[in-house]
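Order-wise, the sequence lines are chains H and W. Using the numbering used here, the letters of the first sequence map in sequence onto residues 1 to 110. Using the numbering used here, the letters of the second sequence map in sequence onto residues 1 to 110.
Please note that the accuracy of each hint is not assured.
No copy is singled out in the list; a pair is fine if it fits within one copy or between any two copies.
To be verified - Straight-line alpha carbon distances no greater than 25 angstroms define the calculated SDA-like cross-link-like pairs of lysine to any residue that follow: (1) K103 x L79; (2) K103 x F60; (3) K103 x Q13; (4) K103 x A18; (5) K103 x A89; (6) K103 x T35; (7) K103 x L64; (8) K103 x H2; (9) K103 x G28; (10) K103 x T65; (11) K103 x L87.
The set of hints was computed from the structure by calculation and includes no laboratory data.
Number of protein chains: 2
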Amino acid sequence: MHEPLTVGAAAAQSGWSARMLRYLEEAGLVLPRRTPAGYRLYGLAELNRLRTVRDLRRRFGVELTELAFARRLWRERDLREAVDAWLAAADDATSWVEWEQRKHERLLAA
Amino acid sequence: MHEPLTVGAAAAQSGWSARMLRYLEEAGLVLPRRTPAGYRLYGLAELNRLRTVRDLRRRFGVELTELAFARRLWRERDLREAVDAWLAAADDATSWVEWEQRKHERLLAA
DNA sequence: AGAACCTTATCACGTTCGTGTGAAGGTCAA
DNA sequence: TTGACCTTCACACGAACGTGATAAGGTTCT
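Construct all of the structure, not just a fragment, from the sequences and the given hints.
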């Protein structure tokens, strides 16, 4: 019933193109298993991740590189610590609000 | 002694160009205060952030957009939760190692 | 064997990022 | 007032991203 899908079927079922499934693999975002002959196999887990990535882009406008970076943050402790330190220092809420407001105005002017 | 620096001085002292200091502000990464006439003022905090961003790029190859995304992750809870959910599901250490290895080989072939 | 898949690799193309350069004009100190 | 700063704005340009198309060849099913 839930046989793993080959790339074309997974594409049709997920809304991505086959090309993009390969690209997503190269970017490290969704890693299918392989058949002995090298065919990509997408199981339920992978199909789910495909859907999640799609949602993250649609709902939050997240770029693929940014997701890859989130994965790096998750896996590389010293990187995460360095970024955290920067964030803690950089986030003074005072100047921030005005800046956000100016950004908004810039967007409206387009 | 520690007077806030104007953009050119801050540039000279931090290793960035004045252009990039303005770009970093627009990207929301380092937000200087302003003099009544509109001049940017970089105090110790800002100079520190400039150094930190520089280090993050040098040591980890972090892109500016990625840092901006880290800031988003920090500030938007629902985004952070969605990404976390995806990471938890996506990170099966088994297929990962082989993939990392292939990536390495790809880089060596260049 | 042939059709319909799959593989990797390449070219192409529009968009964004990161950065420099320059124009047109405001600010400030000697 | 003049020179050296600063401001915003815009043009340019290489590199990378995201995506499609296409070629040359392997696999699988009937």
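(message) Name the hints, by number, that the structure is in violation of.
(response) 3, 8
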